[in-house]
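Take the sequences, apply the hints, and build the full model.
Mapping of the sequence shown onto the working numbering: residues 1 to 96, in sequence order.
Since the hints were made in silico from the structure, they are not lab data.
Wrong hints could be hidden among the right ones.
To be verified - Label-pair ranges, simulated between beta-carbon atoms:
no.	residue 1	residue 2	range
1	88	38	23 to 33 angstroms
2	84	25	18 to 28 angstroms
3	11	74	14 to 24 angstroms
To be verified - Computed list of lysine to any residue pairs in SDA-like fashion (alpha-carbon distance at most 20 angstroms, straight line):
no.	residue 1	residue 2
4	53	18
5	18	1
6	3	53
7	38	22
8	33	49
9	54	18
Think of the CB as a built atom: it goes at the ideal place given N, C-alpha and C, for glycine as much as any other residue.
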Amino acid sequence: MRKADLVNQIAEKTGIPKVDVLVTLESMFKEIKDSLSKGENIYIRGFGSFITKKRAAKIGRNIKKNVAVQIPEHFIPAFKPAKEFVAEIKKVSAEG
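See the structure below:
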């Protein structure tokens, strides 16, 4: 499912114009990115958590040049689903 498909489904189910749904989704995505870039985690009860994970510094390898490369410590975004979310997915996949 793409973002356009998501917008279409939400608009159909709620009766809200697609433009308004798209603006709302874009605002939500922007707020999530802004919060994570500031180091703040986002918790949505019953859905999950958007968090940042710390990756330690390590030595990587440039395969083309066969040279070791130092990769600095950095943070990556991650999503951790809530227990209710995981249970719902397991229930649906077990039925199908």
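Hint check results:
1. Taken as a hint, the range 23 to 33 angstroms holds for the pair residue 88 and residue 38, whose Cβ atoms sit roughly 30 angstroms apart.
2. In this structure the hint that residue 84 and residue 25 lie 18 to 28 angstroms apart at CB holds, the actual value being about 22 angstroms.
3. For the pair residue 11 and residue 74, the supplied restraint of 14 to 24 angstroms is violated, since their beta-carbon distance comes to about 38 angstroms.
4. For the hint linking residue 53 to residue 18, the alpha-carbon distance of about 34 angstroms lies beyond 20 angstroms, and the restraint is violated.
5. Note on residue 18 and residue 1: the hinted pairing holds, with a Cα-Cα distance of about 16 angstroms set against a maximum of 20 angstroms.
6. About 25 angstroms separates the Cα atoms of residue 3 and residue 53, which puts this hinted pair outside 20 angstroms; it is violated.
7. Of the supplied pair hints, the one linking residue 38 and residue 22 is violated, its CA atoms being roughly 24 angstroms apart against a limit of 20 angstroms.
8. Between residue 33 and residue 49, the direct Cα distance comes to roughly 13 angstroms. Compliance with the 20 angstroms bound is thereby established for this hinted pair.
9. For the proposed pair residue 54 and residue 18, the alpha carbon gap of about 37 angstroms is over 20 angstroms, so the pair is violated.
Figure legend: structure checked against the earlier numbered hints; hints not met, in rising order: 3, 4, 6, 7, 9.
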